[in-house]
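Asker: What follows is each chain in one-letter form.
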Amino acid sequence: MKYRVLSILRVLGLIVYLLFAVFPLVWIILTSIKPINEVYSFPIKYLPSRISFDAYRYLFSFARFQVYFKNSFLVATVSALFSTSFSLMSGYVLSRFQFKLKHFLLLTLFFVQMLPTYLLMIPQFTMFSKLKLTNTLLSIVIIYTGFGAAFGAIMARAFFKSLPKEIEEAAWIDGCSRFEALLKVVLPVFLPNVGAIFSFCFVNSWNEVFTAVLFIHSDHKMTVPVALYSFVSKAGIQWNVMAAGIVVALLPTVLVFAIAQRYIIQGLTQGALKG
Amino acid sequence: MLLPTFALIFFINLYPLVRGGVISFQRLTVFTLNRPRFIGFENYRTLITDPNFWNIILNTVVWIFFSVLFQLVFGFILALLLVKPFKGRGLYMGVVFYPWALSGFAIGLLWSWILNGQFGILNDILIKLHLIKQPISFLSDPRFAMFSVIMINVWYGIPFFAIMLLAALQSVPKELYEAAQIDGATMWHRLVRITIPCIKPAITSTVLLRIIWVMNFPDIIYGTTRGGPAGATNILSVQMINIVYYQNNFGKASALGIIITGVLLAFSVAYLIVAEKGAFEL
Numbered sequence: 001m002k003y004r005v006l007s008i009l010r011v012l013g014l015i016v017y018l019l020f021a022v023f024p025l026v027w028i029i030l031t032s033i034k035p036i037n038e039v040y041s042f043p044i045k046y047l048p049s050r051i052s053f054d055a056y057r058y059l060f061s062f063a064r065f066q067v068y069f070k071n072s073f074l075v076a077t078v079s080a081l082f083s084t085s086f087s088l089m090s091g092y093v094l095s096r097f098q099f100k101l102k103h104f105l106l107l108t109l110f111f112v113q114m115l116p117t118y119l120l121m122i123p124q125f126t127m128f129s130k131l132k133l134t135n136t137l138l139s140i141v142i143i144y145t146g147f148g149a150a151f152g153a154i155m156a157r158a159f160f161k162s163l164p165k166e167i168e169e170a171a172w173i174d175g176c177s178r179f180e181a182l183l184k185v186v187l188p189v190f191l192p193n194v195g196a197i198f199s200f201c202f203v204n205s206w207n208e209v210f211t212a213v214l215f216i217h218s219d220h221k222m223t224v225p226v227a228l229y230s231f232v233s234k235a236g237i238q239w240n241v242m243a244a245g246i247v248v249a250l251l252p253t254v255l256v257f258a259i260a261q262r263y264i265i266q267g268l269t270q271g272a273l274k275g
Numbered sequence: 001m002l003l004p005t006f007a008l009i010f011f012i013n014l015y016p017l018v019r020g021g022v023i024s025f026q027r028l029t030v031f032t033l034n035r036p037r038f039i040g041f042e043n044y045r046t047l048i049t050d051p052n053f054w055n056i057i058l059n060t061v062v063w064i065f066f067s068v069l070f071q072l073v074f075g076f077i078l079a080l081l082l083v084k085p086f087k088g089r090g091l092y093m094g095v096v097f098y099p100w101a102l103s104g105f106a107i108g109l110l111w112s113w114i115l116n117g118q119f120g121i122l123n124d125i126l127i128k129l130h131l132i133k134q135p136i137s138f139l140s141d142p143r144f145a146m147f148s149v150i151m152i153n154v155w156y157g158i159p160f161f162a163i164m165l166l167a168a169l170q171s172v173p174k175e176l177y178e179a180a181q182i183d184g185a186t187m188w189h190r191l192v193r194i195t196i197p198c199i200k201p202a203i204t205s206t207v208l209l210r211i212i213w214v215m216n217f218p219d220i221i222y223g224t225t226r227g228g229p230a231g232a233t234n235i236l237s238v239q240m241i242n243i244v245y246y247q248n249n250f251g252k253a254s255a256l257g258i259i260i261t262g263v264l265l266a267f268s269v270a271y272l273i274v275a276e277k278g279a280f281e282l
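Sequence order for the protein chains is H and W. Position 91, counted from 1, in the first sequence is what the working numbering calls 91; the numbers after and before it change by one each time, with no gaps. Position 40, counted from 1, in the second sequence is what the working numbering calls 40; the numbers after and before it change by one each time, with no gaps.
Heads up, some of the hints might be wrong.
Here are the simulated lysine-lysine pairs, PhoX-like style, with alpha carbons at most 20 Å apart [what the hints assert, rightly or not]:
#1 Lys128/W - Lys45/H
#2 Lys2/H - Lys84/W
#3 Lys132/H - Lys221/H
#4 Lys102/H - Lys161/H
#5 Lys100/H - Lys161/H
#6 Lys84/W - Lys174/W
Partial selection, computed: residues in chain W whose CB lies under 7 Å from chain H [as the list claims (entries may be wrong)]:
#7 Leu33
#8 Val96
#9 Leu109
Derived from the structure by calculation, the hints contain no laboratory data. If you're wondering where the values come from, they're calculated on a predicted model, not measured in any experiment. Glycine residues also receive a C-beta, built at the ideal position from the N, C-alpha and C atoms.
Based on the provided sequences and hints, a complete structural model is requested.
Answerer: Here it is in structure tokens:
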């Protein structure tokens, strides 16, 4: 009897949390496909009487979101590619070799995690303006690659540590060089983890707003978060358009997360905690 | 092999950190980028003597404390609900953990629509449930603003705690529970005597990590109130960004950045000490 009550409570708790977690996203999607007069109707209409893509049409023509989306995609993809390759290299060395500075380098990696983007954006801005690189997508790509490589290295190291050395050693015995063993034996097993690191870096770069707002001034160089930021201060933006903009900003990361979440979670819990 | 990562870290993180320290002693604005002037502790003095400064500190403490507390409590409950496998658990986790990957800034914008004083759905629901009579201006009423942004942050942070604590819960040896069962221990006893002591290291290090992270998380507040109304939700990180964006005063903002870094360092050292004691392996 007691057991039964408990399991009912458990199911109830899980359902309540599910609704709580999903409801905001559902609501913003609903808002973005409502005809404008139903967005501001009173009393509130929960479901649209008809589905309208006006907001998205406005967003991708008049508000030029196709440009911002392309910029964001470019910046996030390029920086994630670089930071993933860098972090795989350093993660491998940090997991397989013993050397003098290792402890210090690991501490540096963890320390750097504590420094958020906004805290360093002023000195970065002065540095990049000396190089005449402010207001370029290249500048934020470099910065995001730096942030991604540091975190990625921690994740990569944790992944490599969980991978038995014997797999590699067996390949060496079969006559593979260290590099060949990596490429032919380790990499195929490791591919999901590479995907996890890549998506983690991609998501972080896609979401970054404060550095981008400070660095990017030209309209045609804006990323999606910068465009949303400028929306807020623009008068007369309707909430269905705003909602559509939010959906465009969120959906790619939701998709990436849906694909890679299992591996990301594995990497995170291994990297930070050892139970 | 190590060079690209650590050269970048030096160029993007470590050198700017030092450079920020130098700028904090300068008069430097976006218009005088090439003509910095050393002014000693002037920036720090203006910051600390600002009558709002201690209010911002207090707000930061409130923001961190209640955000982390409720994230921990609800995240722990969720982890407990999830620890026993059931059909579709993987799918359930995949769905409810999604906020974790979202842009905090966009989340702030999203919730400011839900909490809208006129057309917000939350007011509508609360009125229909007869819990309130008049709609509440959640984000523009100073009495409710801090509560509202903390609520959003809790929504955002529950998955992180749940993931971390679930991993720890799964590593608690089953024999302990079996032994307790034989001894006739109640649910509550098992929770307090076995579960919590076993995962205490995980709780401590997750909480410390989260304190650092929440302190550094201006995104949600920037998407909703930008520190307003009347400074009610202004925390250190938001204030620093406001000084950069609205006053264009890089020197003063850097001084605040150095103060934040100091606090961060204290917490990081605490975290590393706890971590080295066995909660995780470097």
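Asker: With reference to the structure, classify each hint as holding or not holding.
Answerer: We went through each hint and held it up to the structure:
1. Lys128/W - Lys45/H: Since the Cα atoms of Lys128/W and Lys45/H sit roughly 13 Å apart, the hinted pair holds (cutoff 20 Å).
2. Lys2/H - Lys84/W: Holds, because 17 Å separates the two Cα atoms, which is no more than 20 Å.
3. Lys132/H - Lys221/H: Holds, at about 16 Å.
4. Lys102/H - Lys161/H: holds (15 Å)
5. Lys100/H - Lys161/H: Holds, at roughly 19 Å.
6. Lys84/W - Lys174/W: This hinted pair holds, its Cα atoms lying about 12 Å apart.
7. Leu33: holds (6 Å)
8. Val96: holds (4 Å)
9. Leu109: Given a least distance of 5 Å, the restraint on Leu109/W holds.
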